Amino acid sequence: MTDRPQVRIQFLSEFKALFKESWRNIVFHGGRGSGKSKHIGLALILRGRQKKLRILCTRELQNSIADSATSF
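Heads up, the sequence shown is in my numbering, so the first residue is 163 and it goes up one at a time.
Check each hint, because a few of them may be wrong.
Claimed, not checked - Heads up, simulated DSS-like pairs for lysine-lysine below, C-alpha to C-alpha not over 27 Å straight-line:
no., residue 1, residue 2
1, Lys198, Lys182
2, Lys182, Lys214
3, Lys214, Lys198
As the list claims (entries may be wrong) - Computed beta-carbon distance windows for the label pairs:
no., residue 1, residue 2, range
4, Lys214, Asn187, 41 to 49 Å
5, Gln168, Lys213, 17 to 25 Å
6, Ile207, Asn187, 13 to 21 Å
7, Leu204, Asn225, 12 to 20 Å
8, Lys178, Glu222, 18 to 26 Å
9, Gln168, Leu206, 15 to 23 Å
10, Ala228, Gln168, 20 to 28 Å
11, Arg170, Ala228, 39 to 47 Å
Because the hints were derived from the structure by calculation, they are not lab data. Since the structure is predicted, the reported quantities are computational estimates derived from the model, not experimental observations. All C-beta atoms in this analysis are idealised placements derived from N, C-alpha and C, irrespective of residue type, glycine included.
All chains, please: the whole structure from these sequences, using the hints.
Below, the structure written as structure tokens:
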């Protein structure tokens with residue numbers, strides 16, 4: 163059997179909390195293009211390969227862009 167190649171993965175600092183053991187539930191907020199789907203998905207794949215986990219990813223979908231937009 164051959165050795166697996168080493169791969170270096172860089173994460174934005176905002177998503178490094180995903181690799182801490184201290185959370186049970188975690189929520190990320192941000193606008194379009196902030197990398198949430200990419201970084202969270204990749205982090206959960208990596209964590210799931212390290213140990214057995216139950217992972218639930220949810221995403222709220224709206225009927226239109228107008229329904230999706232919020233102002234504070």
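Against the structure, the hints:
Distance hint between Lys198 and Lys182 is fulfilled; the C-alpha atoms sit about 17 Å from each other, no more than 27 Å. A threshold of 27 Å between alpha carbons decides the hint, and for Lys182 with Lys214 the separation of about 15 Å falls inside it, so the pair holds. Of the pairs offered as hints, the one joining Lys214 and Lys198 holds, with about 23 Å between alpha carbons and a cut-off of 27 Å not exceeded. Against the hinted window of 41 to 49 Å, the Cβ-Cβ separation of Lys214 and Asn187 comes to about 18 Å, which falls outside the hint.
Here the CB-CB span from Gln168 to Lys213 is close to 20 Å, well matched to the stated 17 to 25 Å. In this structure the supplied range 13 to 21 Å holds for Ile207 paired with Asn187, their Cβ-Cβ distance being about 19 Å. A hinted range of 12 to 20 Å for the beta carbons of Leu204 and Asn225 is inconsistent with their spacing of about 29 Å. For Lys178 and Glu222, the hinted distance range of 18 to 26 Å is satisfied, since their beta carbons lie about 25 Å from each other.
Separation of Gln168 from Leu206 is about 21 Å and conforms to the stated range, judged on CB atoms against 15 to 23 Å. Ala228 and Gln168 have their C-beta atoms about 47 Å apart, which leaves the hinted 20 to 28 Å range violated. Taking the beta carbon of each, Arg170 and Ala228 are about 42 Å apart, inside 39 to 47 Å as hinted.
The structure shown violates the earlier hints numbered 4, 7 and 10.
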